[in-house]
Amino acid sequence: MLFYTLINKSGQIRFSPIPLVDMLWEDSTIIGGKLPLEVLHRSLNAIRLTKPSNNTTTSMQEFQSDLIRQLKTVLQKNGDVRTENIVLDKPLFNMETREKYKGIFYNDDLYSAFLSGVNGRQLAEGELPYLMKHLQCDEDTIKILMHKAVLIDQYEWLPAIRRSKGNWSCQRCGNMDCQEWISVYGYAATCQECRSIGPLNSLQVIFRSPKSGHRSLFNRVEANIFHKFNFEFSHAQQKAALELLALCEKDEVQRILVWAVCGAGKTEISFPLIYKYLSEGKSVLFAAPRQDVVHDVQPRLQRNFPQIKVRIFSGAVTPEWEDSLLTVATTHQLLRFYKTFSLILFDEMDAYPYPGNKVLEFGLNQALQEGGRLIYLTATPPDSLLREVKRGESEIIRLSLRHHGFPVPIPEWAKANFPDKSASLQEILKKKDSITWRKILEELAEEGPLLVFVPRIGMVPIWTETLRGVFHEKQVEGSWSSDPYRLEKVKSFLNGNCQVFVSTSILERGITVNRVQVAVLFADDEQYDTRALIQMAGRTGRTQAHPWGRTVFLAAKQTKAIKKALAWIQEQNTIGERESFS
Amino acid sequence: MTSETFSKWKSLVSQIWYEKEKICLLCSRKSIETICPECQEIYFQPQMRRCISCGKLIANQGTQCKDCLSGIGPKGLMKVVTLGYYENAWRELICNVKFKSQPYLLLGISDCLTELAMKNLPPPDAVVPVPIHPHKLAERGFNQAEIIASILSNHLGIPIKNYILRTKNTLPQTSLGRKERIENLHGAFEIKEKVMKDEIIWLADDVTTTGATLEECAQILKTNGVKEVYGVCLGAGKEE
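So the protein lines, in turn, are chains G and S. Each residue of the first sequence is one higher than the last, beginning at 13 in the numbering used here. Each residue of the second sequence is one higher than the last, beginning at 8 in the numbering used here.
Note that these hints are calculated values from the structure, not bench results. Predicted, not measured: the structure shown is a model, and the values here were computed from it. Among the hints, erroneous ones may be present.
Under the rule of at most 30 Å between Cα atoms (straight-line distance), these lysine-lysine pairs were calculated in the DSBU-like manner [what the hints assert, rightly or not]:
1) S:Lys199 <-> G:Lys84
2) S:Lys199 <-> S:Lys186
3) S:Lys105 <-> G:Lys370
These stretches of chain S come out as covered by chain G in the derived footprint (C-beta under 8 Å, 3 or more residues) [stated by the list, open to error]:
4) 109-120
5) 136-148
With beta-carbon atoms standing in for the labels, derived distance ranges [stated by the list, open to error]:
6) G:Lys370 <-> S:Arg36: 19 to 29 Å
7) G:Pro103 <-> S:Glu40: 46 to 56 Å
8) S:Ala66 <-> G:Ser396: 53 to 63 Å
9) S:Met125 <-> G:Glu108: 52 to 62 Å
10) G:Asn20 <-> S:Arg36: 55 to 65 Å
11) S:Pro44 <-> G:Gln319: 58 to 68 Å
12) G:Lys370 <-> S:Asn161: 30 to 40 Å
13) G:Gln24 <-> S:Phe106: 35 to 45 Å
14) S:Asn127 <-> G:Lys112: 49 to 59 Å
15) G:Gln24 <-> S:Glu40: 54 to 64 Å
16) G:Lys89 <-> S:Leu114: 24 to 34 Å
17) G:Gln539 <-> S:Arg36: 14 to 24 Å
18) S:Arg36 <-> G:Gly481: 25 to 35 Å
19) S:Asn127 <-> G:Gln487: 46 to 56 Å
Positions of the beta carbon are idealized from the N, C-alpha and C atoms, including for glycine.
Extracted from the complex, chain G is given alone in its bound form (with noise of 0.2 Å):
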């Protein structure tokens, strides 16, 4: 988008997409061309102007000639921009336009539907295709509603990527590597680390609102909130939820960990302080890098919170414009929010992509508003949280009993000689060692379904084409993060359609399958670390009618990581048993 300048009768100098909009606000001048909103802002800050000592016209026009001179000779002097690009041609104002114009621009209750669309949000350019069809309206109404946000200081234009002091950085993650490219305005950029979301560069802005917003929904708390919904609290369950609750009482904790064994029921406990947060017109967001973890979280919370629409975002789904109080989404969907919620619960925060990406790091504490609250829910923290824990920065709250009272199923240690991990489907089966995994597998298929687990995504197709040799009379399925039918695959796993799945990491969180039985093929392998291992462990045994189920860590050799791993649930469980007790 390209921005015209234009200067008031006092003098205030100010950039505008759609400079027709300004004239109907207030009185001004359109000087020069349409250029980036990034070019501006630089050639602005490179120039030194002089007020006009009066508002005669006189000396308003001189000072206007005195910026227009120099604006000129900034961009000639640097060779920054290639002059005859400068697009010239004033917009039409004819009284047809003009009453169009003043038309949308005083229509309440469209522009109330836009600022429904965009709280909270940062929106790139490329996103306003998609909230002009939410609005169906055209491409010069979005661009007056949006000035007119801007015009009553509601929302901001932010080039979208800056360059200060050489240095590229992007406004929506936070990435100082931008990539550097030479456009007909000079130096330009694009940002490589968001492009996931939609690619962005210098030459483009941001729309987004520099204040924290959020509208009232609900008017009243509930006197005993654990009646709201659809399940029955464990009593440890219960004490969690409100020791949460007495926390988030006390200002000056912002930063809570919720320590739960897996299985325990960790999101349930924080729904009681999600209802409070409503209750009090708060937005929340529930918020996990995974995409299977945020798609089995939105039903439940849908089921529980009946009143309110709990909108997602994620990689699968095509982005909503309808606010809400309550959002679900990826780490890396939350850059497209903006100081947007009061609490976060931030599941699974050691997951892959999460750990050490600093893109996502940024976009989580930029979602959250000043003030706001930032609660970990994880069964297997990292060691840097756990370090401020300690050193009392964050508060722990510990949950080692799971909410059907029964321990986590103790995994298993095989030894298995598999074939090389790039081996054919032929060399797999071919191998004599193939006797004691086939019997091992066989074995726990005949227990409920199975979830197999596979270090790389390369051996998903090939263990799952040998499985179907195995298992005859079962569905066989596999899945990898990047396949187009990933979705509707665990659906069909979660839904009892598939019985045996052969699953990357994707799976190795917050889904629950009755019954299920788990293998760990190469679990020597040093993409599993002792964490990947719980987590994977802690899927079998979770439901109230099958609490028990059976884990096989399948390698040749106990690694430090499973020997780690064995220890730590085998400490959860001890730990679990003592407050069964208390």
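Keeping the supplied structure of chain G fixed, place chain S upon it in accordance with the hints.
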């Protein structure tokens, strides 16, 4: 020695001793070239001939596709050379350049492109990019055809001449059929600066499907005194 200094030295030494491993632009696998030999085979399809009139990939042993043989293809160009079949990952790369602000990706294919033009076309006096409309250029910030032309110019020392101006902001050609494409482009170009007489020109563009854009530009150049026009494009359609 700090570990940072050590790793800098290590990286410098390895750069001297070992050829740096690249990532294939199309399949993201490790490769010694910016487009790995497998992808070159899949997307460039070197075994297929190109129609000399419109650049389309053809399976037959002739020199022209059916459309050009039947006389409905472009007539103003001596020859059109195209790097690959405009589909799948190759199409995605060109779209990433054009619509996802990644013009720098074209640097990765400069060797393939230069080799293609050098091996198949006579030496020109200038390379001319197919222009885009000034409004589109202002919004996008670059003209992909101009980058292709500048790659050829830098590698081969041929001057770039912006002889043509696009005066009509036309509809995207992809949404139109052959007849509509020709009508859409009618009167879309003008000569911008004085053309040198009897020059041989390479006309550079990103994609050609029916050859209508190349033809319109070639006709305008020839009317203004250019002797021969050759087309160089990254992607082209394929005759089924």
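Item to check | Numbers of the earlier hints that this structure fails to satisfy, in rising order | outcome: Nothing - there is no hint that the structure violates, so all of them hold.
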